[in-house]
Amino acid sequence: MDNVTDSLLDTYLFETNSLLERLDELLIEAEQNKDFTEDEVNEIFRSMHTIKGSSAMLEFNSLMEIAHHIEDLFFYIRENGMSTLDSEDKNELFNLMFKSVDRLREEIEKVENNEPLSTNIDSFIEEINNFLSKISGQGGGSSDSESGAKAGAAAPGMPDAPWCIRIFFEEGCGMENLRAFMLVTTLQESGYDFIYSPTGVENDSGTTQEIIDNGFYLGFKDEDQAKKAVVIVAGSNNIHSYELIENNSPQESDKEERRESASVAPEKSAPAKPQAPRPAGTPQSSSHHAPVKQNLISVNLSKLDSLMALVGEIVITESMVTSSPDLKGLKLDNFMKSARQLRKLTDDLQDISMSLRMVSVSGVFQKMNRIVRDMRKTLNKDVKLTLVGEDTELDKSIVDSISDPIMHIVRNSMDHGIEETVDERIAAGKDPQGEIVLSAVHTGNEVIISIQDDGVGVDTDKVLEKAKRNNFLTKPEEEYTKKDILALLMEPGFSTNTEVTEYSGRGVGMDVVRKNIENIGGVVSMTSEKGQGSCTTLKIPLTLAIVDGMEISVGNSIFTVPISNIRQSFKVPAEDVIYDASGNEIIRVMDEFYPIIRLHNLYGIYDDVCTNIEDGILMWVEENERSYCLFVDSLLGEQQVVVKPLPPYLNNFGIKDYGISGCTILGDGNISIILNISAIYSAVVRS
Amino acid sequence: MSNEKEGLTAQEILEIEEMGNAAAEDGSTKEFLTFVSDGLTYGVPTEHVIEIITNHTIRPLPLVPDYVQGIINLRGQIIPIIDIRLRLGKPFIEYSSTTCIIILDIGSDRVGVCVDSVSQVLPLDLSESSPVPLEDRQHLATSMISVEDGKVVLLLNCSAITES
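Chains A and B, in that order, give the protein sequences. Count the first sequence with numbering that gives the first Met the number 0 and you get residues 0 to 686, in order. Count the second sequence with numbering that gives the first Met the number 0 and you get residues 0 to 163, in order.
Watch out, some of these pointers could steer you wrong.
To be verified - What the simulated footprint calls covered on chain A by chain B, stretch by stretch (three residues with Cβ under 8 Å from a Cβ of chain B suffice, anywhere in the stretch; the number is not a length):
| hint | region |
| --- | --- |
| 1 | 303-316 |
| 2 | 330-337 |
| 3 | 599-611 |
| 4 | 668-674 |
Unchecked claim - Here are some chain A residues pointing at chain B (derived, C-beta under 8 Å):
| hint | residue |
| --- | --- |
| 5 | Lys643 |
| 6 | Leu645 |
| 7 | Pro646 |
| 8 | Pro647 |
| 9 | Tyr648 |
| 10 | Leu649 |
| 11 | Asn650 |
| 12 | Phe652 |
| 13 | Cys662 |
| 14 | Ile664 |
Everything labelled a hint here was simulated from the structure, so no lab data went into it. Here a beta-carbon is modelled for each residue, glycine too, at the ideal position from N, C-alpha and C.
If we strip away everything but chain A, and leave its shape as in the complex, we get (with noise of 0.2 Å):
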């Protein structure tokens, strides 16, 4: 695929998708409230339009087709209201609604896999059409209604406006387009204030097919102005011919319009869509649903991964300059101050650079207002779904990753969590209706997530006898926590309900969400009191880019540490160190033994390195609950770095299973080592 077209297909998906997104929100909102006001039923009606449109102008048929028929529907119920519908019909329409979203996303998520679209869609348009039908039976017009709206909404184009100008241009003479855009702007210089369709004729070459087979269109307000205009048309250049239509009653003027375009583009059984201007008036109206959006704009996330990168070189290069060698002993007063200056500026470089890709987790959150709204139709519970601190910030990468494991548990808490039953519920003297509480908290350099309901909780000794019969114990039964217990849970292969439901108990859940939240470097953690509810805790760190390192050094290899991870660093004699049978040491922090891995013998360096415990400093560190010390030579010093990749081709080593998951460049130029604190402790166990 060439650029143009993978750059419009990227602009398609991510407006196809914010659509979508914003559709879901507002049905949502619309079944709460039990009703779609007139804005979000206008509101509906254009995106149905857009993604109409720009599907067509894609070719994905599936998507164009649905988003049509739905269009239908709401140009009926926008012509003839809400209050046309009778409650039942209005709890169809929002289950309709709600599978019509799915539906066009399992295609977006097609299109962005690159995979063949559906092409059995006709069951699904039939379902559409059926309620249509149904609904415009009731509101007293005949099947006359029915094909009036269908025929309005699937006008060629014609804008919504009581006089158009109809322009076709001269066969062959090409860039159509352009042509259309030159006669707009030459009637705009002239004053007159109209709409036109297709739309976007000045960068879209697209619409050139439709200005062909369906005409131009201007849409004036009054007979005034289009006969004025019409002079103005006719003097243009390449104009084959041009009528002015009156649009008084527009589906009447429609239906004609459909035969005339037959017969001028026969080849074509139905016209194409255009993308038809948004109808005159509607975007006052809605203008308090989006006022947030105008101020962004949508970047491609690899420029600003690039971005970062940059910037980090930027900092990197700032401090090799500003501490090169060559400046030792150089009294320079300018320099420095210019070189205080250079470092502000880089500072803040960085933090706004940082701050580019942070993106708040409200997305992720309204997703589980979807999930917790299905959920609570299929099996018949009545939960509630309170979101705290959505506008908390996270890397937009990290975002992405918590997401299906947040939906996860989210479906456990409803499958598992909430009781069965409302009385189940007042026996145990809790409000009938179940909570889930969805939280985020940002606490300094890490965001905390929590999924809290108020069911029945964990039954811990279900768990450990479960735990028991499927040989998942490690240790005598009687030595389990309830800590350990909940731990259980988390193993692969362990579901504590018997029975497989739709959404969740195959036990291939709390496994998978925590590896993926390890696989960002988050923590997750399970409380639960029985009969009360329970609640996992994701422990998110704020960006994967940029770490708060200690710089270590082990021989001449320097290593960096998250400080995250450090818990104290200390010096010991060597009388403090304690040996187990096998003569491994173990060191006394704090009441508790804590193993001593040193680093050297791990990894293996043995040129200029301390050997004697004295000499060196041991740092208790810990990650997931592994809590250990480790023995390095010296603390060179604390340092935010900018964590890099190993290359690819490393990753033949394994070293990461060694706790060496990435690098980073310091000041100097070297490079350092980025460790990761629980990999090597699971590699120290393994060997």
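Dock chain B against chain A, hints included.
For chain B alone, kept in the frame of chain A given last:
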């Protein structure tokens, strides 16, 4: 240093190579950058060569085979360095002033190859190449070709370098 004898710096070699690339595109003739390692001359297709660098500090890595000398910071890019002597099972010698690192682009990987010295860029006619009679155990050089002055160039299979 052989390229010094010919009055060439690494930069100049690359420039010549670029000119060569533009000139010779006919038939089976391909441009090869030749280098010396343990007395043998090897050739790599210039289309894989990004640049040649000298005097770079290599950050050693623990727990990797000895032929992976470590990683370098090449203007912000982290590039692994493979010592071709050790990769071919030859003894290691201390790096000297003639030691060069050839940065190669192999598929998705970018690696640096440490060689004793870089010689020159030669246009070689691949149809004249013959398979190495006794395939060396690493399958790194699968064919050889003789050039004017009786020398033999072993053609290096780039993608085999990063395969373990």
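Hints the structure fails to honour: 2 and 11
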